[in-house]
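Novice: Place chains H and S on chain A using the hints.
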Amino acid sequence: MDALLLLIASTVSTGLLLGAIFALVAAGVTIVYGCIWLPNASNGQFFVLSGLVAWGLTSSYGFNSFTACLIVLAASILLSLVFESLLFRRLYNVPDRNISYFVITLGLTQVMSGVFSMTFSKWSDQFSLPPLIQGVTMIGPFPMTNNRILVLAIAYTSLAILFLLLRYHPIGRAIRAVFQNREAALLRGVNVHSIYKISFVLGSTIIYLGGLLYALAYSFDLSIAWTMSITAFAIMIVGGPGSVLGALVIGLIFGFTQAIVSNFTSPTVATFSYLFAMLLILLIKPNGLFLK
Amino acid sequence: MKIKLQHVLMLVALLALPFFTQEDRFLGFILGVTLLSVFWATGMNILYGFVGLMPLMFAAISGIAAYALLYFIAQWHIDFWQALPLATLFASLIGVLLGLPSIRLKGFYFTLCSLIIQSTITLAFIFFPTFTNGDTGINQISPPLWMGEPIKGFIFECILSVLAVTGIVLAYFIYNSQLGQRFIAIREDDVLAESLGISVFLNRVIAFFIVSLYAAIGGCFYATYIGFISPRSFDVLSSLNIWLFVAFGGKATIAGPVIGALLLAPLPFLLQSLDAYKDILSGVLIVLITLLMPGGIYGAYLAWRNSKK
Amino acid sequence: MSHLSSHPLLRVKELTLRFGGLYALNKINFEMHSGETLGMIGPNGSGKSSFVNVLTGQFTPLNGEMEFDHQSMLGKNCHQLVEMGLCRTYQSVRVFGNLSVQRNIDIAFLLLKKNGLTHEQYNHYLNWLKLRPVLHKLSKDITLFEQRKLELMMRLVLKPKLLMLDEPVGGLATSEVSEMIQLLNELKAYTSIFIIEHTMRVIKELADRVVVLIAGEKIADGPPAEIMKNKRVINEYLGSAHA
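Protein chains in written order, with our numbering: chain A, 42 to 333; chain H, 126 to 434; chain S, 4 to 246.
Only chain A is shown next, with the shape it has when bound in the complex (with noise of 0.2 Å):
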């Protein structure tokens, strides 16, 4: 009886965890979609990306994983201005834009996965970050360490964060404006792109706060990266793109998914799943659940 109220405990915690994740970079790309236009199918190299550099940082330079982290999320707001300006810039005026950015996103992803397997994958097989804090608490008859509850107030203080962010502050307005409507908006005086350019620093910023989170709560493979961009768009596609709230809810629902299919058989299947969520839900609802 006590394994199986343990079992459930670490369920809820992971599906916690994993759905605060999955809901952060779901939301990362939702919003560069909705804004600009902008299919990111590179998310999940960019979530490995900080987890990578924050491990290098951790690992061979000695630094703690809290200066790793701040370090690594300031050095990737640079990253996205130089991605932002060297690359997607161009083609902010096109209209047909959403389907040459999902080509050169895809071309993205095989440059950095290329460089990753040639660079990281040299030096380890395995990556985490070592705990920000050290301890176990017990919740109840459950123990829990306080790296991970630590890791979890993170994740959903920058999810409510994020959420009051775009809906009272006034660039969040501005940039649920541009989503809404682009036309309305330049009207109202928006400078519209330079709202594309703090909505891509955003977007990209939490996906790889969401890397860093996981890090530090899990040690990862280079693989996770594929199977993230695929759990991020269906989450997207499914919750509807553009819909914060829905990458927010769907990010969570499979999150728990993943904890409790990782129970019983090998977490593909619930890749698998995923994809064929997103798949009916392109047939057959393709705003999907949370826009009107």
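Some hints could be false.
Short, incomplete list of chain S residues facing chain H, as computed with Cβ under 10 Å [stated by the list, open to error]: (1) Leu84; (2) Cys90; (3) Arg91; (4) Arg97; (5) Leu102; (6) Ile110; (7) Ala111; (8) Leu115; (9) Lys116; (10) Leu120; (11) Leu129; (12) Arg158; (13) Leu161.
Everything labelled a hint here was simulated from the structure, so no lab data went into it. It should be emphasised that the depicted structure is a prediction, and the values quoted were computed from it without experimental measurement. From the three backbone atoms N, C-alpha and C, an ideal C-beta is built for every residue, glycine too.
Specialist: Same frame as chain A, now just chains H and S:
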């Protein structure tokens, strides 16, 4: 129908190429794979360049045909030439069935659907080993027989060049036919095409079927030429590679995919020392082509030539 | 070629279309005869575009009947209706910009092939619309007026029994509008036309009858002179000045 001199020269050159590599088996093999790539790229161009849809499940259909071919040969004790039409038809019909629901979707969503179907089929290849032997793959595939003798080497490359030329000639006829005109109308403005009495759905399905035939036939020859297949031979990267040949060479032209395949397909073999960089290089090419040269090499050449007039 | 016949070419009965909670079209009834020129006016948002879209197979109505040339239109999609002889143009001009004018017309020819226009008819239309000088040009490089005429040519090649024109003078200069009205008057000899506009100016010079649509409902139906004096129409739409 205008038959341009340079096209005829190109076809003759393709037929002649195996003679140049007759003695060198390494170069001959590269040529064989390149000729297959020419055939595949020409096929994909019909959907991508002429109809305007990007079918990333192309390699999956090739894979289905290849595995079906081997299954039919092993189970029904028929030879390659009998199994070829069966496997081709089988894979093409599955291709159309899988693609059917997604044909109504707009550009990006169609591509995404195609990607999902491709990924699913690759996963199916890996996780249902009864037919496919999973990730280990199937090796020692025997080559087709002609009059009792196995077709190997130089003769096989000649056959592949005939295949490539046939594929190009067929695409040429389609391009210049009324069907081709409808494809172009649909690519340019599908709503307008529909309002002129063109059934967009039906024509897309036809295009899809034709392209699946190319994918399937190519898959069957690929399996018997290389002698070894695995799910990795027919994954997303393979589809993207063929797409790259088309985009790099120039979509919506006859010569474009040929040029693209001739230039890019040999590279992984000739630059074997740079093998690790292969993915990176092709990824960079994908990005550069999409950003800077949407018309491909041949498209850029045509534009340059037109601006001189 | 045109004569008023007794059976209606187009018949619409209790046609209803709903989007979410709103009725875009509410129980529309009317008939149109071959040879008659019908006009439809209404303010933006009155349902005119929805009406055209339902009639050309782009939306499915909630209720009601639609009949074209004695055949039911329900369930038929756009290209099937074109085969039956019902064609339309769009509010913003729509041609294959990257293709030459000649290619544009050739594509329209694909539908009827051998049953299409004779050489004489084709040349007649081409000369009448003055498109011969620009045949080789890319259709995105010709003037808006020429593009509008190209749209007409592409529809004529389809041998339509009824041509629905959605705001055919949109974007044209004043002199071009007069020329277009003249062309549309001449067009009546070749096919029945149904013009959708939001001002009376064009309609009163062309239409035998006008249907007024406001908020998805038909509020008047009659000759232009009558419509312009109709109290309800004046109050709800035209105001005291005729557009």
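Novice: All hints, please: hold or fail.
Specialist: Cross-check of the supplied hints:
For S:Leu84, the interface hint holds, since its Cβ comes within 10 Å of a Cβ in chain H; the closest pair sits about 9 Å apart. Checking S:Cys90 against chain H: minimum C-beta separation of about 7 Å stays under 10 Å; hint holds. Satisfaction of the interface hint for S:Arg91 is found here, the shortest Cβ-Cβ separation to chain H being roughly 6 Å, below the 10 Å cut-off. Given the 10 Å rule on beta carbons, the hint for S:Arg97 holds: about 5 Å separates it from the nearest Cβ of chain H.
Interface restraint check for S:Leu102: the shortest CB-CB distance to chain H comes to about 7 Å, inside 10 Å, so the restraint holds. Satisfaction of the interface hint for S:Ile110 is found here, the shortest Cβ-Cβ separation to chain H being roughly 5 Å, below the 10 Å cut-off. Given hint, S:Ala111 at the interface with chain H, holds; its Cβ is 5 Å from that chain's nearest Cβ, closer than 10 Å. Among the interface hints, the one on S:Leu115 holds; its C-beta lies about 8 Å from the nearest C-beta in chain H, closer than the 10 Å criterion.
Interface restraint check: S:Lys116 against chain H, minimum CB-CB distance 8 Å, threshold 10 Å, status holds. Contact between S:Leu120 and chain H, as hinted, is not supported at the beta carbon level, the nearest pair being about 14 Å apart and thus beyond 10 Å. This hint is violated: S:Leu129 has a C-beta 17 Å from the nearest C-beta of chain H, more than the 10 Å allowed. Taking 10 Å as the C-beta contact cut-off toward chain H, the hint placing S:Arg158 at the interface holds, the least distance being around 8 Å.
The criterion of a C-beta within 10 Å of any C-beta in chain H is met by S:Leu161, whose closest approach is roughly 6 Å, and the hint holds.
Checked against the numbered hints above, the structure violates hints 10, 11; every other hint is satisfied.
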